[in-house]
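**Student:** The lines below spell out each chain.
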Amino acid sequence: MEQPDNLIHQPVRLKIMAALRALPQGGKIEFVRLKALVDATEGNLGAHISTLEQAGYVAVEKDFAANRPRTRIALTRQGERAFEDYVSYLRGIIDGGATA
Amino acid sequence: MTLSSDQATESLKEIHRTGRRSRQAYGYANSSPFFVLWGVIWMIGYTGTDLYPRHANLLWAALMVAGVLGTIVIGRARAQAGDPHPGINHHAGWRFLATWVAVGVFIAATFTIFGHASHEQQAAFTPLIVALIYSVAGIWLGVRFLVTGIAVAALTLGGYFFLHEHFMLWMAAVGGGALVLAGLWLRTV
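Residue numbers (the working numbering), protein chains in the order written: chain A, 25 to 124; chain B, 108 to 296.
In short, the hints are calculated from the structure, not lab data.
Even glycine gets a Cβ: it sits at the ideal position worked out from N, Cα and C.
Among the clues, some could well be false.
What the hints assert, rightly or not - So these bits of chain B aren't anywhere near chain A, every CB distance computed over 12 Å:
id, residue
1, L110
2, L119
3, I122
4, Q131
5, N137
6, A186
7, T206
8, I214
9, H273
10, V287
11, L288
As the list claims (entries may be wrong) - If we take Cβ atoms under 8 Å as the criterion, some of the chain A residues that face chain B in the derived model are:
id, residue
12, L31
13, V36
14, L38
15, I53
16, K59
17, A64
18, G67
19, G70
20, A71
21, V84
22, R101
23, R105
24, V111
25, I117
26, I118
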């Protein structure tokens with residue numbers, strides 16, 4: 025990878041992807057919990073999640089839990105691969121193996 | 108766009124920080140219902156022990172079975188709902204059973220070595236082991252588990268030494284209550 029993936033490189037989206045990547049396989053995280061983790065406003069987080077969803081990096085699931093609406097986000101396989109590539113790119117820069 | 112080595116290092120640090128916080132929050136949220144379940148079991152068990160001391164062993168055996176089954180049911184329900192617990196999969200039933208057998212054998216072996224133990228001593232010993240498990244888990248996985256472990260140990264010892272005559276009811280209300288409250292606290296992450 026010569027250039028960083030700009031979709032992931034943005035600071036809030038990087039945190040979103042890192043938070044999702046840390047979940048066990050198939051794990052989902054609630055929107056409100058993710059908001060606290062990445063320290064973003066609701067609108068800001070929603071916009072970044074939409075961007076990642078359009079790229080196919082995350083999947084958004086909306087349902088009801090205990091009669092209350094719930095939004096949960098999960099990393100897709102495509103997102104997982106893109107994130108691993110991005111991490112490899114960063115490590116390559118540190119190791120001097122990538123063009124910096 | 109190109110990145111410097113310092114920027115790449117900072118990005119990796121951020122990934123590590125956020126990932127650690129995410130794992131911790133996920134662990135807290137997934138542990139929450141189990142704390143509530145076992146808190147209720149403690150409440151029933153210690154209240155029953157106070158009211159019907161002769162049937163305490165039978166009551167606790169039944170509650171342990173109910174607790175293990177409840178733990179398995181919650182774990183499977185969460186996995187089906189898309190909240191898999193890192194430590195709970197299709198082998199969880201045997202692992203929980205084996206864990207309780209190991210804890211039970213340890214407690215029995217300890218009482219065998221130290222000789223006769225009163226009902227209160229026996230009733231205090233198990234919560235202290237549970238507190239130890241939470242504390243060790245807290246050291247490795249998250250400070251909230253550590254706080255819960257310390258609270259359970261402190262409440263158990265406090266009740267044992269200062270409310271000896273009402274120790275069972277103390278453990279029902281405060282010991283079980285502490286677990287329930289801890290479960291609700293973990294959910295707030």
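**Student:** If we take the beta carbon of B/T206, is the closest beta carbon in chain A still more than 12 Å away?
**Tutor:** holds (20 Å)
**Student:** Quick check on A/A71 please, does its C-beta sit within 8 Å of some C-beta on chain B?
**Tutor:** violated (18 Å)
**Student:** Given A/I117 as an interface hint, is the shortest Cβ-Cβ distance to chain B below 8 Å?
**Tutor:** Hint holds; A/I117 Cβ to chain B Cβ min 4 Å, cut 8 Å.
**Student:** When the nearest CB of chain B is found for A/L31, is that gap smaller than 8 Å?
**Tutor:** violated (12 Å)
**Student:** Grab the minimum C-beta distance from A/R101 to chain B and call the hint holds if it beats 8 Å, violated otherwise.
**Tutor:** violated (15 Å)
**Student:** Compute the least Cβ-Cβ separation between B/Q131 and chain A, then decide whether it is above 12 Å.
**Tutor:** B/Q131 not clear of chain A: closest Cβ-Cβ about 9 Å, inside 12 Å.
**Student:** So B/V287 supposedly isn't at the interface. Is its beta-carbon more than 12 Å from every beta-carbon in chain A?
**Tutor:** holds (17 Å)
**Student:** Would you say B/N137 is clear of chain A, with no C-beta pair closer than or equal to 12 Å?
**Tutor:** Not fine: 9 Å to the nearest Cβ puts B/N137 too close to chain A.
**Student:** Would the hint on A/A64 be counted as holding, given a Cβ-Cβ threshold of 8 Å to chain B?
**Tutor:** Violated: closest Cβ of chain B sits about 12 Å from A/A64, beyond 8 Å.
**Student:** Since B/L119 was said not to touch the interface, does its Cβ keep a gap of more than 12 Å from each Cβ of chain A?
**Tutor:** violated (5 Å)
**Student:** Hey, does B/L110 actually stay past 12 Å from chain A on C-beta?
**Tutor:** It is violated; B/L110 is separated from chain A by about 6 Å at its closest Cβ, not greater than 12 Å.
**Student:** Examine each Cβ of chain A, and state whether all of them lie more than 12 Å from the Cβ of B/I122.
**Tutor:** violated (4 Å)
Hint check: violations occur at hints 1, 2, 3, 4, 5, 6, 12, 13, 16, 17, 18, 19, 20, 21, 22 and 23; the rest are consistent with the structure.
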